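Colleague: So you can see what is in the structure, the chains are spelled out below.
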Amino acid sequence: MSEPSWIGGPEWLEMAKGLRNERWQLADLCGLDGRDLGFDHRFEAVIQLVNYETKERRTIHVRAEGEPPSVPSVAEIWPTANFMEREAYDLFGIEFEGHPNLTRILMPDEWEGHPLRKDYGVGKVAVEFIPQPFIQVDAPGQSPGSTESKVQVDALGQAKPNGSEPS
Amino acid sequence: MTTTPEMIVSRFEEAGHGAFVEKYNETEGHMTINMGPVHPATHGVLRLLLELDGERVVDCQPIIGYLHTGMEKECEDQNWRGAVTIVTRMDYLAQFFNEQVYSLAVEKLLGLEVPARGRYIRTMIAEINRISSHLVWFGTQALDMGAMSGMFYGFREREVIVDFFEMVTGLRMNNGYFIPGGVWEDLPDGWQEAVRVIVEMMPRRLDEYEALLSENPIFLERTEGVGAISADDALAMGATGPILRATGVSVDIRRDRPYDAYGDMEFGVPTRTEGDVYARYAVRMIEMRESVKIIQQCLDNMPAGDYKNMDPKLIPPPRAELNRSMEAVIHHFKLVTQGYTVPAGEHYQAVESPRGELGCYVVSDGGSSPYRCHMRDPSFVNLQSLPVMVRGGLIADLIASIASVDPVLGGVDR
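Heads up: the sequence lines are chains A and B, in that order.
All letters in the first sequence, in the order written, are residues 0 to 166 by numbering that gives the first Met the number 0.
All letters in the second sequence, in the order written, are residues 0 to 413 by numbering that gives the first Met the number 0.
If we strip away everything but chain B, and leave its shape as in the complex, we get (with noise of 0.2 Å):
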């Protein structure tokens, strides 16, 4: 006896689990099932309304929300340093990109001065960042196609990597370290052979990885062709970062408009034609490699001087000056209890980050805490190119495009 569609509808409906069939059209056969949003593949809280005919999926809602915490609102209630605490949570897998964007707002509107150490600092923690973000993207993308040791690759690199932020900022997570003005602290000692670490070991690693997957039967056959989009699709769409790069769209912030020190770096910008899984995952093997020759750039040339701006009013003082100085106390004290005020003005800044377009827009009215900060997050905007790349494709097809979209349910809920 063959088990008809009908016959699975009602024996959900039997058990008590209706829900998981939202409508069922009888005429053409399709289901409309949720997937998500608690769904290993999803990648956190995402949930998919899919309408399917069979195995094949003829539509994709994407159902976001489930992680939302009103973090804009949240930032109009904290001073203008202490909003840096609140942008980092949002995506969390790339916690230096929202403090960056968001310093480098702020300072456009102070009109304050970044020296040259921190801008080289700033952008070197970036682009490890870069890499830490990455390798979770890759381990994620591995597991979902079924290569299970690549969680565990790429997860132990990023072990390194994140060690290394807890030697820097002390916290391996929503650091809150980048401020408006430089970075909170000076790198501490023995950051070159920890960095030297990294950058010695990223490639040899990469060359690990790609002999696992690149030419991988399996896995080119979940990848080539899947998930394709093509360039004016994506531009539609609004995709930005590796997506829109593996559509043969030569777009990258760090060259197209330089901030911090990325004007000073030599980098390639990879791109690839093929618009599908597999160029997504192709660019972003390269881009690590390239974020690899950045950091030996910052290494190699890190000015010395000052971390960050010294203006008193802006910045507070250095831990040691509190001890021998009364002024310095005066202005520790006023800016942690008031902060300080920022011009009115409004600014919209933008910067690369893994994935895709990270934009602030910030707004001041004058006082000392931000009016508006608004977060354009890759990932919310890049989650609508999702239904593109995989109507028609199956549903195992459409865990490897959410794998390659890589979002960041922090990011797109905020």
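Next comes chain A alone, as it looks inside the complex (with noise of 0.2 Å):
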């Protein structure tokens, strides 16, 4: 891809202030994981603001260094820019410093890895229908306690005979 110039966390924090001081808006921002792309770094913060006076638009993209990757919060400067960080760190594991509730979005909280990283392959990682352990329960009419004559359950909670191996 023909390459965008980048700049680095700190820079992007002052170029903020003054854009927002000449009345530019963030339009958007979101993450992007440049594994494939060929760049020197992997993580990328893309942002797009947009000058409703001028009606210009513009294309800023912030290097996100370090490990894990991070980037310089700007929700104080632009408040819009929570749910959008909040949704990169979800997606791509990007951390923005000095964001007030730096917290998963839209993914459950309890969520391992982030899913829109190129490493995080589509159909590699089980997600649901785990196969669940067998569960030993007593067969009708024998005590507790007796090892001997134990039912053999699926994860469907059916029962299998007696010895067969499960499958």
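Please keep in mind that the hints were generated in silico from the structure rather than gathered at the bench.
Since this is a predicted model, take the numbers as computed values, not measurements.
Honestly, I wouldn't trust all of these hints.
What the hints assert, rightly or not - FRET-style restraints, in silico, Cβ to Cβ: (1) 35(A) - 207(B): 32 to 40 Å; (2) 37(A) - 322(B): 40 to 48 Å; (3) 52(A) - 333(B): 46 to 54 Å.
For every residue, glycine included, the Cβ atom is placed at its ideal position computed from N, Cα and C.
Can you join these two chains into the complex? Each is in its own frame, and there are hints to help.
Modeller: Shown next, in the form of structure tokens:
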């Protein structure tokens, strides 16, 4: 892809303050995983700005450096960045320093991983219907504690004949 | 004996419903409760964490993600044309706008021209879609304000429009009709009559709606001065569309940066200055009338010619061609199995959806599927302005505000 010009995090924060004073509005902020694009860095935040007075638009690419990758938050400058930065954090794991409430927004709070990263493959991660371990229950009429007459139950709760191997 | 909040809390806890009250602040008497995710007035699976002082809303925190299905990720597994069928499912009430913004972005990367007829068809269908989307808003806004007949009227007219979509695309929703390069099929025979029915019906019906609500004292009482937001706040929270125009900021991407055939159209951009629920109501009602004007212009000036770019390397040939041309069969096979590649690059395209600025940021690495397809959904961003609107108001006013923001949770969560 044609190389855009990137700026670093501190530079972005300075630039954002200046742009805000020139009445630029933040239209969009999203994360991008550049793993297969051949950049020197992997993660970046892509920012779309709009000026409603001059009807101009511009795009800014901010490198997310470090581990975890991080970018300064502009939620103080443009409050609308709040949700957008949470989304980029949720889906890409980009940390936004200084964000008032950087938590997951679309995925459940206890989710592991960041789904829009390129190494988080579709169809490669078991999400649900994980095979449950076999439960051993006492057969009807047997006293508890007896080790000999256990009925094996498969994941759907159906009894299997004694001695058969779990499939 | 009076009922104290403590008694309510303990009654819930005894009944095992402690989860209803998330938190009870004893010093201030503020109670934090959940509204939603399953609640008829939240228009989907929107959950609001409300901090209440009696009936008064102290704070409101939208919690979203209940409808998240990872559509942006799914797009990366589709070929460039197939991703249209994914993005159309995001904001399901304004499905054509999703297809339009994605198609425009991909056309920009491909450098692909759309013939005039294709652009006019897209413009006309999009404006009809704007009316149908606003009709759902009208119905739910009226219903939430206690006017149930509004719901019946809104959906009655929407039915006519959805039938028209079925006639053109074969589907009522999630159409997948716009493709990069134009539209999938030409308009069917008899489309002029069907559009004329809509164009003639809508102004009369809008008069009926306005007679029902615009000067209705109950409706005015529930909406005037309710959920007000200033222009500065709306800009700071990133609100676009009718919410921003109701505060007096005249922003409309159709007029400011014309795309498709909007450059040829004459239409007004209504604004109000109050910024309250009634102002948003008034803006949307006029917008529907303006849409009717655009549809009329498309109907009168529909150009003849190709409805899509006929580049055989990018656009599947018409069905009839496959019966007589071996070359068409080869192209069709190649496009269906592998798809086409798009030169590496990135583009952000914005269109004016019924809810505001709908953006699509597309990145290509030169392959046959999108490397990244991010949608800037207006509902997602507009939802942030809801807490500003409702702080200090009553719960009943919160209902009016949610309806006037008109969030579509499919678009919010994607």
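Colleague: None of the hints should be skipped; say for each whether it holds.
Modeller: Going through the hints against the structure:
In this structure the supplied range 32 to 40 Å is violated for residue 35(A) paired with residue 207(B), their Cβ-Cβ distance being about 56 Å. For the pair residue 37(A) and residue 322(B), the beta carbons lie near 44 Å from each other, so the given range of 40 to 48 Å is met. Take residue 52(A) and residue 333(B): their Cβ atoms lie about 48 Å apart, and the range 46 to 54 Å holds.
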